[in-house]
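The opening position of the sequence shown corresponds to residue 1 in the UniProt record's numbering, with each subsequent residue numbered one higher.
You may find that some hints are simply not true.
What the hints assert, rightly or not - Below, simulated DMTMM-like cross-link-like pairs (lysine to aspartate or glutamate); rule was C-alpha separation at most 20 Å, straight line:
#  : residue 1 : residue 2
1  : Lys197    : Asp14
2  : Lys109    : Asp9
3  : Lys18     : Glu43
4  : Lys104    : Glu114
5  : Lys197    : Glu213
6  : Lys109    : Glu133
7  : Lys109    : Glu213
8  : Lys197    : Glu112
9  : Lys124    : Glu166
10 : Lys129    : Asp106
11 : Lys33     : Asp106
12 : Lys18     : Glu133
13 : Lys18     : Glu166
14 : Lys131    : Glu201
What the hints assert, rightly or not - Simulated restraints, written as ranges between beta carbons of each label pair:
#  : residue 1 : residue 2 : range
15 : Asn36     : Glu139    : 38 to 44 Å
16 : Thr169    : Glu198    : 26 to 32 Å
17 : Thr169    : Glu100    : 54 to 60 Å
18 : Ala126    : Lys104    : 36 to 42 Å
19 : Thr220    : Val3      : 23 to 29 Å
Note that these hints are calculated values from the structure, not bench results. For every residue, glycine included, the Cβ atom is placed at its ideal position computed from N, Cα and C.
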Amino acid sequence: MDVFDGLPDAIIVDILNKVGDVRTLLRCSSLSKRFNSLVPQSESLILRLDQVGTTESQPDSPVSNIFTSVLKSFHGLCSLFSKPAKPIPIKNLSPNIPSEILSKFDRVKNLEVELPGGDASLEKGAAVKWKAEHGESLETLVVFAFRSASTESSPASASDGESDAEFVTGLKTRVMWTISVLMAASKRHFLMSQVVKEHQEMESLVIRDRGGEGTLVMGTEG
């Protein structure tokens, strides 16, 4: 007799919720007919996407298109003051991948998604931490960014022209960081948009990356 045979379905589902990991649960569904029927009832899941799929035919999210346009215009403006930086690459993310993986689950209420890495594009020597909350629209965004200090100290007798250049460079950097984070949050929201539509009973959705760069919290309004 199997050790699980004497347990009621509700307890087994609770155990499956404690497991959480989607890949492990899908493997459990192949153990027996009973597990195959109970695994889809799991309500709390952790989805680890080792590789986010890309496709040329998949369009960018509308918000990403707006930020891309703004970013290009900003690069043109900054080129008047300094050397133009390389444009931030925008990848086409497919929301079909997490949707297909989660299609075997019937009533997902709490979902955590882990991406393989951060998606904010920054210059060398810079790092960023951010958290965004998204309801019907972007509600809050907190960004903490920094970069390594320059090894060359500025002369004490810096001219006004040099000070102005430093101010412009710093302003450009902060704007670039903000736009990059907004684009990263937008791409994550777009990636999970199909899942939110298909699982309307969902109460909590958190999207993180393995390196801890950023976190997007999506509400029930999507």
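These are the hints, each one checked on the structure:
| no. | hint | in the structure |
| --- | --- | --- |
| 1 | Lys197 - Asp14 | 25 Å, violated |
| 2 | Lys109 - Asp9 | 18 Å, holds |
| 3 | Lys18 - Glu43 | 10 Å, holds |
| 4 | Lys104 - Glu114 | 19 Å, holds |
| 5 | Lys197 - Glu213 | 26 Å, violated |
| 6 | Lys109 - Glu133 | 18 Å, holds |
| 7 | Lys109 - Glu213 | 25 Å, violated |
| 8 | Lys197 - Glu112 | 16 Å, holds |
| 9 | Lys124 - Glu166 | 18 Å, holds |
| 10 | Lys129 - Asp106 | 34 Å, violated |
| 11 | Lys33 - Asp106 | 16 Å, holds |
| 12 | Lys18 - Glu133 | 25 Å, violated |
| 13 | Lys18 - Glu166 | 52 Å, violated |
| 14 | Lys131 - Glu201 | 24 Å, violated |
| 15 | Asn36 - Glu139: 38 to 44 Å | 39 Å, holds |
| 16 | Thr169 - Glu198: 26 to 32 Å | 46 Å, violated |
| 17 | Thr169 - Glu100: 54 to 60 Å | 45 Å, violated |
| 18 | Ala126 - Lys104: 36 to 42 Å | 40 Å, holds |
| 19 | Thr220 - Val3: 23 to 29 Å | 38 Å, violated |
Checked against the numbered hints listed earlier, the structure breaks hints 1, 5, 7, 10, 12, 13, 14, 16, 17, 19; every other hint is satisfied.
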